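K.L.:
Using the sequences and the hints given, assemble the complete structure.
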Amino acid sequence: MADAQSVVVSWPQAALFRFPPTNAPVPVAPAPAAFSMMRPFNIAQPLYASALEVTVPLTVATVYAVAVKALNRYNGSRNKQPWAISKTGVFHMFVVAHNVLLAVYSAWTFVGMLATMGRAIVAPTHPDGLAATVDSLCRLHGPPGLGASAYFNETTRAWQSIGQPAQSGMDPSSMGRIWNEGLAYYGWIFYLSKFYEVLDTLIILAKGKSSSTLQTYHHAGAMICMWAGMRYMSAPIWMFVLVNSFIHSLMYTYYTLTAFGVKVPVGVKRALTSMQITQFLVGATYAMAHSFLQYLVPVTTSKTLTVPHTVSPMPIATATPSPAGVLEALKKLLLGSQDVVEAAAPALAPGVKTIVVSEKSRVTQSCIVTTGETFAIWLNVLYLAPLTWLFVSFFVTSYVKRSNAAHKIKGALHHHENNVTLAEKAGWDAARDVEREVYGGQDLVQAMARNTHDANGTPDSQSDLSVASRVQARPRRRA
Numbered sequence: 001m002a003d004a005q006s007v008v009v010s011w012p013q014a015a016l017f018r019f020p021p022t023n024a025p026v027p028v029a030p031a032p033a034a035f036s037m038m039r040p041f042n043i044a045q046p047l048y049a050s051a052l053e054v055t056v057p058l059t060v061a062t063v064y065a066v067a068v069k070a071l072n073r074y075n076g077s078r079n080k081q082p083w084a085i086s087k088t089g090v091f092h093m094f095v096v097a098h099n100v101l102l103a104v105y106s107a108w109t110f111v112g113m114l115a116t117m118g119r120a121i122v123a124p125t126h127p128d129g130l131a132a133t134v135d136s137l138c139r140l141h142g143p144p145g146l147g148a149s150a151y152f153n154e155t156t157r158a159w160q161s162i163g164q165p166a167q168s169g170m171d172p173s174s175m176g177r178i179w180n181e182g183l184a185y186y187g188w189i190f191y192l193s194k195f196y197e198v199l200d201t202l203i204i205l206a207k208g209k210s211s212s213t214l215q216t217y218h219h220a221g222a223m224i225c226m227w228a229g230m231r232y233m234s235a236p237i238w239m240f241v242l243v244n245s246f247i248h249s250l251m252y253t254y255y256t257l258t259a260f261g262v263k264v265p266v267g268v269k270r271a272l273t274s275m276q277i278t279q280f281l282v283g284a285t286y287a288m289a290h291s292f293l294q295y296l297v298p299v300t301t302s303k304t305l306t307v308p309h310t311v312s313p314m315p316i317a318t319a320t321p322s323p324a325g326v327l328e329a330l331k332k333l334l335l336g337s338q339d340v341v342e343a344a345a346p347a348l349a350p351g352v353k354t355i356v357v358s359e360k361s362r363v364t365q366s367c368i369v370t371t372g373e374t375f376a377i378w379l380n381v382l383y384l385a386p387l388t389w390l391f392v393s394f395f396v397t398s399y400v401k402r403s404n405a406a407h408k409i410k411g412a413l414h415h416h417e418n419n420v421t422l423a424e425k426a427g428w429d430a431a432r433d434v435e436r437e438v439y440g441g442q443d444l445v446q447a448m449a450r451n452t453h454d455a456n457g458t459p460d461s462q463s464d465l466s467v468a469s470r471v472q473a474r475p476r477r478r479a
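Taking UniProt numbering, the leading residue of the sequence shown gets 1, the next gets one more, and so forth.
If you're looking for bench data, these hints aren't it; they were derived computationally from the structure.
One or more of the hints may lead you astray.
[Stated by the list, open to error] Derived lysine-lysine pairs resembling DSS-like cross-links, with alpha carbons at most 27 Å apart:
#1 Lys207 with Lys87
#2 Lys425 with Lys401
#3 Lys207 with Lys69
#4 Lys263 with Lys87
#5 Lys87 with Lys209
#6 Lys69 with Lys209
#7 Lys303 with Lys360
#8 Lys69 with Lys87
#9 Lys263 with Lys209
#10 Lys263 with Lys303
#11 Lys69 with Lys80
#12 Lys207 with Lys263
#13 Lys425 with Lys263
#14 Lys207 with Lys80
#15 Lys80 with Lys209
[Stated by the list, open to error] Cβ pair distances, simulated, as ranges:
#16 Val392 with Gln167: 42 to 48 Å
#17 Gln167 with Ile355: 27 to 33 Å
#18 Pro265 with Gln167: 53 to 59 Å
#19 Ala44 with Asn153: 25 to 31 Å
#20 Trp83 with Asn23: 45 to 51 Å
#21 Gly169 with Ser77: 51 to 57 Å
#22 Asn23 with Val363: 22 to 28 Å
#23 Val63 with Ile189: 20 to 26 Å
Predicted model only: the values in this text are computed from it and were never measured.
Glycine included, C-beta positions come from ideal geometry on N, C-alpha and C.
P.N.:
Spelled out as structure tokens, the structure:
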């Protein structure tokens, strides 16, 4: 088992923080595959690369933002009256079909990505230890195995691997790592789905309501961030695809049920809202970690050495020389002969032999090695920062309000228990408020408010205080 020190934390290289990214590799399209439920069609390389041109997400995001701004103003001029089409059965059927489509698609993406990660990720219990796990998460290309991955060298503009010659391109049929195993396929379609999801905003606008600036920011930012992750083949983008598709499958299923008037338990809604916010916090932290991680790869190198040694004297001829030959040889020996000296020199000179020596060492590999990957990571982090800040601000506001209300009831609850309860309730309030701002779920929030009333019609927050009052008024049990 490899030791725990095979993974280290260090500061990222300053050279990676260059904008715009330089010498980025061409995105590798998934290899053609036989038709199946999980691979209903193939994607041609030209189409794959064209959709990842920077002009595509920028154009769609700009048109979306301008259209929302204009329609918000239009709704305001009509006193936020619902559009006529929103009152028709066709519109209702469209909303239901929209939610069902996104629920089924998101579940399909989640299943595909879950299988992808199962095939590509190395468990920490592997003989190569944690380094092999980090390698399988950081390096998306090349054959499987610690040290066998391929990475793009922006200086030479070629794909490289330890101990292997450089390559001008990657083989999309080489399996064993996240990209070719499925991220290239599911991630690309997921990127395109972000364009379709803007219909959520259109549905809200058709009901005469306004779309918040944060919701516009959320949808437009998701397009651009998914583009960056897929265009530059950045390692952390798999989490966005996997986790977001899972949450969306639940979220749009919930929307479908509410469209049919099905009452969903409050606990389910709370769990869903909490997951929506948690993905922001966990996703940003996970993405940032890639820039600070390095791991050690064991490498065996062979060296050829030359070692001096004495050459054995030339063997004496066994043939019997003639008398003339003997006299001639004695003459040359006594008087000196250049031929004899030159002939004898190689026989008596020391020689060399070659030996091969193997050495084992460990080479440090950075998790992120290109400016493109770095750009995609920190773009996602910056994109999630306002959402995180909003959650924290809502949490603090809610906690303070609930705390002030609770302190009016002296001794109602144990101090520690009271703080825990306040934090839990404040967290729910913050998550609910962020969801209302980001997802435009005003109708759902209002429905939740109705569902969280107690039997006497008391709101949830007031109900908490009522419980505290009853606890305070309850007589103590005698010893």
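K.L.:
Would you mind marking each hint as holding or not holding in the structure?
P.N.:
Now for the hints, and whether the structure bears them out:
1. Lys207 with Lys87: 8 Å, holds
2. Lys425 with Lys401: 11 Å, holds
3. Lys207 with Lys69: 16 Å, holds
4. Lys263 with Lys87: Holds, because 22 Å separates the two Cα atoms, which is no more than 27 Å.
5. Lys87 with Lys209: 14 Å, holds
6. Lys69 with Lys209: Given pair lysine 69, lysine 209 holds - Cα atoms ~12 Å apart, limit 27 Å.
7. Lys303 with Lys360: 11 Å, holds
8. Lys69 with Lys87: Distance of about 23 Å is within 27 Å: holds.
9. Lys263 with Lys209: 24 Å, holds
10. Lys263 with Lys303: Violated, at about 72 Å.
11. Lys69 with Lys80: 14 Å, holds
12. Lys207 with Lys263: 22 Å, holds
13. Lys425 with Lys263: Roughly 22 Å separates the two Cα atoms, so the pair holds.
14. Lys207 with Lys80: 8 Å, holds
15. Lys80 with Lys209: It holds: about 6 Å lies between the C-alpha atoms, which stays within 27 Å.
16. Val392 with Gln167: 42 to 48 Å: Hint holds: Cβ distance 46 Å, inside 42 to 48 Å.
17. Gln167 with Ile355: 27 to 33 Å: Given range 27 to 33 Å: holds, Cβ gap about 32 Å.
18. Pro265 with Gln167: 53 to 59 Å: Taking Cβ atoms as reference, proline 265 and glutamine 167 lie about 54 Å apart, which means the hint holds.
19. Ala44 with Asn153: 25 to 31 Å: 27 Å, holds
20. Trp83 with Asn23: 45 to 51 Å: Once the Cβ atoms are compared, 49 Å apart, the range 45 to 51 Å for asparagine 23 and tryptophan 83 holds.
21. Gly169 with Ser77: 51 to 57 Å: 55 Å, holds
22. Asn23 with Val363: 22 to 28 Å: At 23 Å between Cβs, range holds.
23. Val63 with Ile189: 20 to 26 Å: For isoleucine 189 against valine 63, whose Cβ atoms are near 21 Å apart, the range 20 to 26 Å holds.
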